[in-house]
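Build out the structure end to end from the sequences listed, making use of the hints.
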Amino acid sequence: GENVEQHPSTLSVQEGDSAVIKCTYSDSASNYFPWYKQELGKRPQLIIDIRSNVGEKKDQRIAVTLNKTAKHFSLHITETQPEDSAVYFCAASSDYKLSFGAGTTVTVRA
Amino acid sequence: KAGVTQTPRYLIKTRGQQVTLSCSPISGHRSVSWYQQTPGQGLQFLFEYFSETQRNKGNFPGRFSGRQFSNSRSEMNVSTLELGDSALYLCASSLEDRVYEQYFGPGTRLTVT
Chain A
37 GENVEQHPST LSVQEGDSAV IKCTYSDSAS NYFPWYKQEL GKRPQLIIDI
87 RSNVGEKKDQ RIAVTLNKTA KHFSLHITET QPEDSAVYFC AASSDYKLSF
137 GAGTTVTVRA
Chain B
-12 KAGVTQTPRY LIKTRGQQVT LSCSPISGHR SVSWYQQTPG QGLQFLFEYF
38 SETQRNKGNF PGRFSGRQFS NSRSEMNVST LELGDSALYL CASSLEDRVY
88 EQYFGPGTRL TVT
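Chains as they are written, first to last, in my numbering: chain A, 37 to 146; chain B, -12 to 100.
Be careful, since some hints might not be right.
[To be verified] Cross-link-like lysine-lysine pairs, in silico, BS3-like; alpha carbons within 25 angstroms at most:
1. A:Lys94 <-> A:Lys58
2. A:Lys107 <-> A:Lys73
3. B:Lys0 <-> A:Lys78
4. A:Lys73 <-> B:Lys(-12)
5. B:Lys(-12) <-> A:Lys78
6. A:Lys107 <-> A:Lys78
7. A:Lys58 <-> A:Lys107
8. A:Lys73 <-> A:Lys94
9. A:Lys104 <-> A:Lys58
10. B:Lys44 <-> A:Lys107
11. A:Lys73 <-> B:Lys0
Worth flagging that the hints you see were computed from the coordinates, not collected in a lab. Just so we're clear, the structure is a prediction, and the values are computed from it rather than from any experiment.
The following block contains the structure:
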């Protein structure tokens, strides 16, 4: 089955700096790679996703990159703000199943 | 549109008992997935249902089961509860061909004592 690894597990950044979270996956059949954000005490919410035939996608301060050959994908948050503090999960989708990484707790220091 | 709802929100059970959790998807969403969330293990996939059929399942023992009704509402059942089953159980709904774009419910917090 699919195995998604996510690094780092915790990330502390100064407000205004960038944050980068990296994930690897094992199943070459995975074709969508969404990212979810979970604020404390709330449900996970989809923030961005990328298809396997796309190398990069951007949405305002968030960007995702995918290297299908190396089975790597990453989330980049620029100009971080206090509201970016949350747990971020990467995931890989195949065969009607979402496999999640273990999560990265991002703390933005004022 | 109303979001995904789950009942009950909190549950306390004793080891050996069984429990049934319920999930109502967003109107028009026919795919429902279930996850177990624990601090150490993150989000673990339990199973996915579409049109009353289980299309995929995760690596959980047979004590964990689910079903989906014709109105797309879903239930999951855990029998012979163990202490390690204490967790937040999340369900999520999606359009049938966009399983990667899931909308989560608030979860049911299960505590097994």
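Violating hint indices (sorted, rising): 6 and 11
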